[in-house]
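Generate coordinates for the entire structure from the input sequences, incorporating the hints supplied.
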Amino acid sequence: MAKTIMIIDDSVSLRQVVSIALGGAGYDVIEACDGQDALSKLTGQKVHLMICDVNMPNMDGITFLKSVRNLPAYKFTPVIMLTTEAGEDKKKEGQAAGARAWVVKPFKPEQLLMAVSKLILP
Amino acid sequence: MTGDTPKLRLVASRGILPAAALLLPILFVGFNGKGLLLGIAALACVLLDRILRPPAEPQPLPEPVAVLAEPVGMPQLERVAGAVVPLWAGQTAHARSEMEEAITGLSSRFATMQRNLREALEAVGLESSRNLQAVIETGAGSLASVVKDLEAGAKARATVLNKIQDLAAITSELQGMSEEVAAIANQTNLLALNAAIEAAHAQGLGRGFAVVAEEVRKLSMRSGTTGNAITNKVAWVNASLLEALQATQNFAQQDVEMIRNAEETIRRVVADFQTGASALADSAHRFEGVGSDLGEQISGTLVHLQFQDRVGQILQSVIADMEKFSDRLQHHPSSLEVDRWLAELERTYTTSEQQAIHRGEQASGSADSEITFF
Numbered sequence: 001m002a003k004t005i006m007i008i009d010d011s012v013s014l015r016q017v018v019s020i021a022l023g024g025a026g027y028d029v030i031e032a033c034d035g036q037d038a039l040s041k042l043t044g045q046k047v048h049l050m051i052c053d054v055n056m057p058n059m060d061g062i063t064f065l066k067s068v069r070n071l072p073a074y075k076f077t078p079v080i081m082l083t084t085e086a087g088e089d090k091k092k093e094g095q096a097a098g099a100r101a102w103v104v105k106p107f108k109p110e111q112l113l114m115a116v117s118k119l120i121l122p
Numbered sequence: 123m124t125g126d127t128p129k130l131r132l133v134a135s136r137g138i139l140p141a142a143a144l145l146l147p148i149l150f151v152g153f154n155g156k157g158l159l160l161g162i163a164a165l166a167c168v169l170l171d172r173i174l175r176p177p178a179e180p181q182p183l184p185e186p187v188a189v190l191a192e193p194v195g196m197p198q199l200e201r202v203a204g205a206v207v208p209l210w211a212g213q214t215a216h217a218r219s220e221m222e223e224a225i226t227g228l229s230s231r232f233a234t235m236q237r238n239l240r241e242a243l244e245a246v247g248l249e250s251s252r253n254l255q256a257v258i259e260t261g262a263g264s265l266a267s268v269v270k271d272l273e274a275g276a277k278a279r280a281t282v283l284n285k286i287q288d289l290a291a292i293t294s295e296l297q298g299m300s301e302e303v304a305a306i307a308n309q310t311n312l313l314a315l316n317a318a319i320e321a322a323h324a325q326g327l328g329r330g331f332a333v334v335a336e337e338v339r340k341l342s343m344r345s346g347t348t349g350n351a352i353t354n355k356v357a358w359v360n361a362s363l364l365e366a367l368q369a370t371q372n373f374a375q376q377d378v379e380m381i382r383n384a385e386e387t388i389r390r391v392v393a394d395f396q397t398g399a400s401a402l403a404d405s406a407h408r409f410e411g412v413g414s415d416l417g418e419q420i421s422g423t424l425v426h427l428q429f430q431d432r433v434g435q436i437l438q439s440v441i442a443d444m445e446k447f448s449d450r451l452q453h454h455p456s457s458l459e460v461d462r463w464l465a466e467l468e469r470t471y472t473t474s475e476q477q478a479i480h481r482g483e484q485a486s487g488s489a490d491s492e493i494t495f496f
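Protein sequences appear in the order of chains L and Y. The opening residue of the first sequence carries number 1 in this note's numbering; numbering runs sequentially from there. The opening residue of the second sequence carries number 123 in this note's numbering; numbering runs sequentially from there.
These are computed hints drawn from the structure, not numbers from a lab. Every residue gets a Cβ at the ideal spot worked out from N, C-alpha and C, and that includes glycine. Heads up, a few of these hints could be off.
Output of the computed footprint for chain L on chain Y, the stretches with three or more beta carbons under 8 Å from beta carbons of chain L [claimed, not checked]:
hint	region
1	396–410
2	417–428
3	432–439
Listing some non-contacts, in silico: residues in chain Y with all C-beta distances to chain L over 10 Å [what the hints assert, rightly or not]:
hint	residue
4	Thr226
5	Leu228
6	Ala233
7	Gln236
8	Glu273
9	Ala335
10	Gly346
11	Ser414
12	His453
13	Glu492
14	Ile493
For lysine to any residue, the following SDA-like pairs were computed, each having C-alpha atoms within a straight-line distance of at most 20 Å [as the list claims (entries may be wrong)]:
hint	chain 1	residue 1	chain 2	residue 2
15	L	Lys91	Y	Ile493
16	Y	Lys340	Y	Gln309
17	L	Lys46	L	Pro57
18	L	Lys91	Y	Glu475
19	L	Lys90	Y	Ala465
20	L	Lys118	L	Ser67
21	Y	Lys285	Y	Ala369
22	L	Lys108	Y	Glu475
23	L	Lys90	L	Ser67
24	L	Lys108	Y	Gly413
25	L	Lys92	Y	Tyr471
26	L	Lys90	Y	Ala280
27	L	Lys92	Y	Ser474
28	L	Lys108	Y	Ser414
29	L	Lys3	L	Lys66
30	L	Lys66	L	His48
31	L	Lys92	Y	Thr470
32	L	Lys90	Y	Gln309
33	L	Lys90	Y	Glu492
34	L	Lys108	L	Tyr74
35	L	Lys90	Y	Arg390
36	L	Lys118	L	Gly24
37	Y	Lys285	Y	Val338
38	L	Lys108	Y	Ile420
39	L	Lys108	L	Tyr27
40	L	Lys91	Y	Thr494
Right, here's the structure in full:
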């Protein structure tokens, strides 16, 4: 059975690019446009990994990550931050919030897939 | 209006001098061939001088800081900026929206293209499988024909076997006949002996001899009949043996022909399989190459398609700053502090390119993923 990955990004085109890359590798992809949307879509879903932008309207990626870690079902679900932010301070903030990897855009599909396969839950 | 004077001067210096160089010789010498020639020569000298002279250093643009810091002209600046900056923001937002729409459409088409390609590749694989299936079915039909020939051969062998079994039965019958003939011969010998004895006793009594002679005659007849029967049977056996021999020879020829046909059929089936397998391998190899190339191209395109997200963030930052600038001009035009403004602007940057541009450095596009695992 295919693993499910959620992509959370306010850019429709980037969500599509990520979906193409992951879908081509056999993953099922759920899209969310921001942190709030993602939290609402997590209910009743089994998500094996999340890829999340940092700067988003309504709820940014770091706030979402902190909220996700409070959900028992997703306390240990790996989250990859996918962002244009390359600053060390932001990375440390993401790490402290529970991110497992930090990928700076633009990403190469094969590198993102490598990170996904390395982190995704069995 | 102060800006118009240097502009007019520039136009004058660029346009009047060549015109004067052309017209003055004509005026002084007259509008004839000589005057026109002198005028063209003077014009050529002026233009040549302009071409050969090194260009003047471009004048640096006035520093925006100096404009903002200059108290003189602030009302004009406020009016202009108040009017223009919202336009900038609107135009930029529109450009961002159009780009978002275009890239989203492009991504959708790309996804469709990838899906179609995958389905096409799967269909090609299916077609190859069907071709191979057809080859297998043809081969199975041909091999069934070979089996049928072999069955015909087996039937022919059974016929020969039956003939030989008939011969065996006849041989047994001939043996019985032979034994009977031997018994007749014994009886004949005995009768002949008795006849000889009786002949010796009787002399004149020929009646007893006549009876014995009759019995001998009957035995002779029986022997003759049996002999004929044996002769007939032997002739039949010979004919059967000849038939069996002929059948065996025919069968041997058929065997040779059948084996040659079977070999040809098997060779053809194997060749068909090899052709099918080779075509399948070629097809798989070709599509593997196409798939690999396409995969690389798709991967590269996916990287490029992400420019919208980065450009969108940069434009969003510019739009927000423009809106902030417009708002400040409308409500607090005197509180503009350039250093503070720039510092606040810098804090809104997310990409390294924005920061590089802010520092006055060359912004280089980031084409490689940077991954940090925690």
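Restraint status (C-alpha distance of lysine 108 of chain L to glutamate 475 of chain Y at most 20 Å): Holds - the C-alpha atoms of glutamate 475 of chain Y and lysine 108 of chain L are around 18 Å apart, at most 20 Å.
Given hint tyrosine 74 of chain L paired with lysine 108 of chain L - CA-CA distance at most 20 Å: Measuring from Cα to Cα gives roughly 27 Å; hence the hint is violated.
Verdict on threonine 226 of chain Y as a residue remote from chain L, using beta-carbon distances over 10 Å: The claim is violated: threonine 226 of chain Y sits with its nearest Cβ about 5 Å from chain L, within 10 Å.
Glutamate 492 of chain Y remote from chain L - nearest C-beta pair above 10 Å: violated (4 Å)
Pair hint lysine 118 of chain L and glycine 24 of chain L, alpha-carbon separation not exceeding 20 Å: holds (17 Å)
Hint consistency between lysine 108 of chain L and serine 414 of chain Y [alpha-carbon to alpha-carbon, up to 20 Å]: With a Cα-Cα distance of about 16 Å, the restraint between lysine 108 of chain L and serine 414 of chain Y holds, given a limit of 20 Å.
Lysine 92 of chain L paired with threonine 470 of chain Y [C-alpha distance capped at 20 Å]: holds (18 Å)
Hint consistency between lysine 340 of chain Y and glutamine 309 of chain Y [alpha-carbon to alpha-carbon, up to 20 Å]: This hinted pair holds, its Cα atoms lying about 11 Å apart.
20 Å Cα cutoff - pair lysine 92 of chain L, tyrosine 471 of chain Y: holds (18 Å)
Status of glutamine 236 of chain Y, Cβ more than 10 Å from any chain L Cβ: Violated, since 6 Å does not exceed 10 Å.
Straight-line alpha-carbon gap lysine 3 of chain L to lysine 66 of chain L, limit 20 Å: Violated, at about 23 Å.
Distal placement of alanine 335 of chain Y relative to chain L, Cβ over 10 Å: holds (113 Å)
Comparing the model with each earlier hint shows violations of hints 1, 4, 5, 6, 7, 13, 14, 17, 20, 26, 29, 32, 34, 35, 37; every other hint is respected.
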